[in-house]
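Note that the protein sequences, when read in sequence, are chains A and B. Note that the working numbering has the first sequence beginning at 1, numbered continuously upward. Note that the working numbering has the second sequence beginning at 1, numbered continuously upward.
What the hints contain is simulated information worked out from the structure, not anything from laboratory work. From a predicted model like this one, the values you see are computed outputs, not experimental measurements. Every residue, glycine too, gets a C-beta built ideally from N, C-alpha and C. A few of these clues could be false.
In silico lysine to any residue, SDA-like type, Cα no more than 25 Å apart, as pairs [what the hints assert, rightly or not]:
1. Lys117(A) with Leu42(B)
2. Lys222(B) with Phe204(B)
3. Lys223(B) with Ser44(A)
4. Lys35(B) with Ser44(A)
5. Lys139(B) with Ser44(A)
6. Lys40(B) with Glu122(A)
Covered, in the sense of this in silico footprint (three residues per stretch, anywhere, with C-beta under 8 Å from a C-beta of chain B), are these stretches of chain A [unchecked claim]:
7. 101-113
8. 137-150
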Amino acid sequence: MNSKSNKEVLLVKDLFKGFGDNKVLNGFNLSLFEGENLVLMGKSGSGKSVLIKCLVGLMPPDSGSVELLGQDISKLNHSEMNDLRTNVGFLFQGSALYDSMTVRENLEFPLRRHSKKLTEEETDTLVMEALENVGLTHTVDWMPEELSGGMQRRIALARALILKPKIIFYDEPTTGLDPITAKEIILLILKIQEKFKTSSLIITHDVDCARVISNRMLLLLDGINYAEGTFTELSSSNDPKIKAFFK
Amino acid sequence: MAYLLSLKQNIASFFMEIGEMSFFSLRFFKELFTKPFEFKELLNQCYVMGNKSLFLVGVTGLILGIVFTLQTRPTLMDFGAVAWMPSMISISIVREIGPVIIALICAGRIGSSIGAEIGSMRVTEQIDAMEVSGTNPFKYLVVTRILAATLMLPLLVIFGDFIALIGSAIVENMKGSVSFVLYFNQVFEALTFSDIFPATIKTFFFGFAIGLVGCFKGYTSKKGTAGVGKASNSAVVYTSMLLFIIDFIAVFVTDIFV
Ligand SMILES: Nc1ncnc2c1ncn2[C@@H]1O[C@H](COP(=O)(O)OP(=O)(O)OP(=O)(O)O)[C@@H](O)[C@H]1O
Ligand SMILES: [Mg+2]
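Bound conformation, chain A alone (with noise of 0.2 Å):
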C-alpha cells in the first residue's frame, strides 16, 4: 500500500467549470502524488467526467489551473500538449474503442501517433504485449463490436496502457460489469499499479471498488472537493453528507 512518495503529479487549483446556470465545478482543488491510486466518488451527473476531461485539455475548464507533470496545460501549445499526453492514459467512460478498426489498428493508434520511429515488429510486440496484460490476445484481429461490454473494457484499457504513461485517469471502469467482470478489472488496475508503477486517478461509484483500490479517496460534492481522506476514515465518519455515499 505504501508505494506512494510525496511528489506531485497533478495539481489542481481552484477549478471552476459551468454550462450556462449550470456551475458544475466550484473551486475544486486535488493533488495526485506519484504511484498512489487516488479514488473520487461522486453522485451522478456531479461532474466527475468533467473534471477529468478538464484535466487532460479535452474541455477548457472556465478558470483555476491544472499542472500536470509538472507543467501548466494552459500555457501549452498543440504539440507541447500532445508531448505531454504520452505520459497520460486516459479510460473513457464508454470504453470509445473506433469501432471501424479491428483490436490491433485500435492499440497501434496511439503507437504510431506519438512514436513514429517504431519497425513493424516492434509495434507488433508493444500490441500483444498490452493483448497478454489484460488476457485478450486472441481478441487481436476482432472488431470492437465483436467483444462484449468487459472485453471492450479490458481493450479500452490495454490501449490507454500501450504508451507506458505515467499517469493513468480511469472513469468509472467498472460501471455497467457484472461483479465478477467488475473484480478483475479491479484487480488489473492494481496488477498495472504495481508493475508499472503508475499514479492513477479512479472514478467509481463501487463502494468495493473504493476499498480494494484506494491509496487515498476524494469526494465530489457540489462542485468542490468535500472531503478526504483514506477508505477507513471516510467510511467511519458520522458526516451523513458522506455517509451516504457508503451505504
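Given the coordinates of chain A, assemble chain B with the ligands onto it according to the supplied hints.
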C-alpha cells in the same frame, strides 16, 4: 404570437448555424495547410467514397440517360429534329442534369454516412479518445473527408455522365438505329470547352458542400443516438438545399463570363 416567436427563434438559429458552419470551413482551410498531412487516411477516404457510390451513380446515370432520351424523342420527332438528339442530350446532361442528379445521390450516400459516422464517433467519445492519443481529430476526420469528397465528386460525375450517354446511345441505337460510333462522334462534336469546364468546376464545389455539411453536422452533433440520426438526416437536407444554391450561383457566373 407564439407561432411568430418560434419562427423568430428558428430564423435566428438558422443564421447562427450558417455562422458556425462558416467558422468550421475557415478552420478546414487553416488546418488543410498545416502539418502533419494525413495522406493515408485521405486515400482511404477517397477509396471508400468512390467504392460506396460507384454502383449507385452508374445505375442512376444509365436510367437517367435512357429515360431522358425516351421522353425527349417524341417531341424532337414532331419537329423533325431527331438527328439533334446526341448533341441535345449530351449538352443538357453534361452541363446540368448529370452534375445535379449525381451530386444529390452522393449527398444521400456520402453526406449522410459522413454525418452518421462522425456523429457516432462524437457521442461515443471516440473523437475525444483520438485527441488524447495525440491526433488532431479535425485533421484526421474532417479535413480528409471534405478533401476526399471534393476530389471524388468530379470523378463520379464524369463517370455518371458517361454512363448516361451510353444509356442514351443504347436507346438511339435501338429506336433510331444510330450506331454507337456515330452517336459519340456527334456528342464530341457538340460538346465544347465552355460546356465541360464550368460544369466540372461546379462539381468540385458540390463535393466540398457534401463533405463540409456532413462533417459539420456530425462533428457538432449532440449527445445520444437521436443526435446521430439527426446529424445524418440534416446533413442530407442541408446539403441538397446548398447544392441548388451553388448550382444557381454557378449558372449565373458562367452566364456572365462565357
Ligand atoms: N458537453 C456538455 N455540455 C453541457 N453540459 C454538460 C456537458 N457535459 C456535461 N455536462 C453537464 O455537467 C454535469 C456533470 O456531468 P458529468 O458527465 O461530469 O457527470 P458525472 O459525474 O460523470 O456523472 P456519471 O457518474 O453519470 O458519469 C451534468 O449536469 C451534465 O449535464
Ligand atoms: Mg461520468
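For each hint, the structure was consulted:
1. Lys117(A) with Leu42(B): With Cα atoms ~22 Å apart, Lys117(A) and Leu42(B) stay inside 25 Å; holds.
2. Lys222(B) with Phe204(B): Violated, at roughly 29 Å.
3. Lys223(B) with Ser44(A): 17 Å, holds
4. Lys35(B) with Ser44(A): 40 Å, violated
5. Lys139(B) with Ser44(A): 34 Å, violated
6. Lys40(B) with Glu122(A): Given that 25 Å is the threshold and the Cα spacing comes to 21 Å, the pair holds.
7. 101-113: holds (count 3)
8. 137-150: Per the Cβ count (0), the hint is violated.
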